[in-house]
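Q: Counted from 1, the sequence shown has number 423 at position 423 by UniProt numbering; the numbering is strictly sequential.
Certain hints may be false.
Claimed, not checked - DSSO-like mimics (lysine-lysine), calculated; alpha carbons at most 30 Å apart, straight line:
no., residue 1, residue 2
1, Lys-631, Lys-612
2, Lys-428, Lys-631
3, Lys-428, Lys-612
4, Lys-524, Lys-507
5, Lys-428, Lys-536
Said to hold, decoys possible - Quick list of simulated restraints, FRET-style, between CB atoms:
no., residue 1, residue 2, range
6, Ser-54, Leu-130, 42 to 50 Å
7, Thr-664, Pro-625, 44 to 52 Å
8, Gln-170, Ser-605, 52 to 60 Å
9, Arg-153, Thr-85, 50 to 58 Å
10, Glu-644, Ser-605, 30 to 38 Å
Hints are computed from structural coordinates only; laboratory data are not their basis.
Ideal Cβ positions, reconstructed from N, Cα and C, are used throughout, including at glycine.
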Amino acid sequence: MLKKTGSPTVFILVLMMIIRTLSCTVTDESRKVHIVYMGLLPEGKYSPSSHHLSILQRVIHTSSVENSLVRSYKRSFSGFAANLTSHERRKLETMKEVVSIFPSTTLQLQTTRSWDFMGFHETVKRKPSLESDLVVGVIDSGVWPESESFSDRGFGAPPKKWKGVCEGGQNFTCNNKVIGARYYSSTTYGPISARDDMGHGSHTASIAAGNRVNGASFYGLAEDVLAAFDDAIADGVDIISVSLSGDSTAALEQDVISIGSFHAMVKGILTVQSAGNDGCFSGSGRSINSFTLNETKFPLVYGRDVSRHCSEFDAQSCMAGCVDSDLVKGKIVLCYRLEGVAEAYKAGAVGAVVRNTVSNNASFVVPSLHQLLATQTFYCNSRLTVTFFDRDSRVEIFKSEAIKDFTSPTVASFSSCGPLSLAPEIMKPDVTAPGIEILAAYSPIASPSDGPLDTRQVKYNIISGTSMSCPHVAGVATDVKSFHLEWSPSAIKSAIMTTAWPMDTSKNPAGEFSYGSGHINPVKAITPGLVYGAGKEDYIRLLCSLGFASNAVQVISGDNSTCLTNDFAKTLPIDFNYPAMSFLASPMSAFLFKFNRTVTNVGFSNSTYRAKAMPSPIITVKVQPTVLSFKSSYEKKSFVVTVEGGGMPHGTMASVTVVWSDGTHSVRSPVAVASINTDDV
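The whole structure should be built from the sequences, with the hints applied where relevant.
A: Spelled out as structure tokens, the structure:
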């Protein structure tokens, strides 16, 4: 295979699994699209489509059975999507081969120098020849294949294991970088292809696996998701990146991403998903990048001071008719409202700074509809700016420069938090990664400002959101796999979590429930020392512990697994072999929890690890045994972590860190407890 001879920051070959729309419409209002999940594909001779139609024929007593079938899942697991009445749904629910039935819903797209910020510089050791044999599947809104970020210069033919196709639609051409494309649409209107007309898909794909492009700058849909998983697994991807989120309270067997991720795990594929942008209890953070103004400096004026006839509130908000062009021309205007950007543009300003709300702790570049550079700044920063105005009106904004920000990383206030409602004992999120002001590829037919009147075309765009964090983690996971091709998805996840940079609870009040194990550290993740492994049997145990019936477990797993054996019946969610440990405690009550964990040695053959639990004034943590000695690689050792405490008021949390160290590797595992009523989760 031809090796990549260009920049060493080139990531891997990329498969684009495209979702054009994430919901569908039906003409019969009494019918709605439902997903019927039927678990693993049966072994031997089996025709999924015929089986799905025969099932529908048993519940739909009309001649329109085939028209009711929207899609069959038949490559990696079994199931189908169909237009059903409530009566037909109830009849299907009684069938033994059906695990779950749930409505198809619309999933949300979770919409610098971010790799440098994570410590993944151009000089970091890489394995380009192995990276080029790895495939990343991206489930998103499409891709713009002509982007320089997806150029295949220097790439050889796709990996021999590749089983996918290039079905991107009219005028969509794959290459040796974008080696495959599929599109999924349950609607029939408009042009249908894998070409990105929103910009979101191109942006996330180029973060995870795009080429480095010098001089890149920003100019001043549920049945389909499951189908994408079905194809991605069968096509032979190594990592799946999903910057989508649905209902966080949905049961596991009714969540398409959970279903797809389980079957991907069985095939050795790690799925990386964004946490969501629904916000958290509280937090503190700041953008790591500023905007530049081409070596030029401009005076900064306050909206309150450039109006001659408006009230103070309207003036400082830069409301319509309040901005005096004689006072703002050639200057940058500070406004309290986003709508003020348009007014500043009309008045001749060269830029605008908009104050964020109190609850939003991040700063953003604003992709204004107008040819005007604007930024939305952290609330506290804008208050400081106003204070400067009150003291000295001669304020200027200078060209930005890269500096070390000692308050970073912190979690943006829009980032969703744990604990996980279905299983609080499994800490979520897992890690944090850059998601503010990320510059990456964009679709030239998508509006950079999402404005219907914005006709500008840009090759790159700056976007913020957990959607941007997700592909960073997918990229790191792919890099880890290039060094350890034999590692399971759980081992890769463990390596990323246990080597993450510690974060400051004082700057993130929700603590580990907002940032998980910490901020991702790509370089350390390659050599974690120990990993927490979990395979198919472990996940089956978890399903049993969450109350799944044996019949459902057997259909999902495709084998004779049962929750009735003593071993499986006694399993608790808290015993799932996860790199992090968490639980909920009743307010003002004493508690004692024990976590059983097993680690695998992936470091030095002969090594001894000693445990250390960081002290906490609220909870007491004991590790037994405190020493683990290994004589060979991939040897396993088990230990128990006991956590005691009590008297925590409702709504508070406490945490400690358990570290296993051999003097070279530090294997960190957070232990977090939240004092909260279970009804509030």
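Q: Indicate, hint by hint, whether the structure satisfies it.
A: So, going through the hints one by one against the coordinates:
As the CA atoms of Lys-631 and Lys-612 are separated by approximately 21 Å, the hinted pair is consistent with the 30 Å bound. Restraint check for Lys-428 and Lys-631: the C-alpha separation of about 33 Å exceeds 30 Å, so the hint is violated. Taking the CA atoms of Lys-428 and Lys-612, the gap is about 23 Å. The hint holds against a cut of 30 Å. A hinted pair counts as satisfied when its Cα atoms are at most 30 Å apart, and Lys-524 with Lys-507 qualifies at roughly 24 Å.
Note on Lys-428 and Lys-536: the hinted pairing holds, with a Cα-Cα distance of about 20 Å set against a maximum of 30 Å. Ser-54 and Leu-130 have their C-beta atoms about 45 Å apart, which keeps the hinted 42 to 50 Å range intact. The hint said 44 to 52 Å for the Cβ distance between Thr-664 and Pro-625, and at roughly 20 Å that hint is violated. A C-beta distance of roughly 56 Å is found between Gln-170 and Ser-605, which places it inside the suggested range of 52 to 60 Å.
The given range of 50 to 58 Å is respected by Arg-153 and Thr-85, whose C-beta atoms sit roughly 54 Å from each other. A beta carbon spacing of about 36 Å between Glu-644 and Ser-605 agrees with the range 30 to 38 Å that was offered as a hint.
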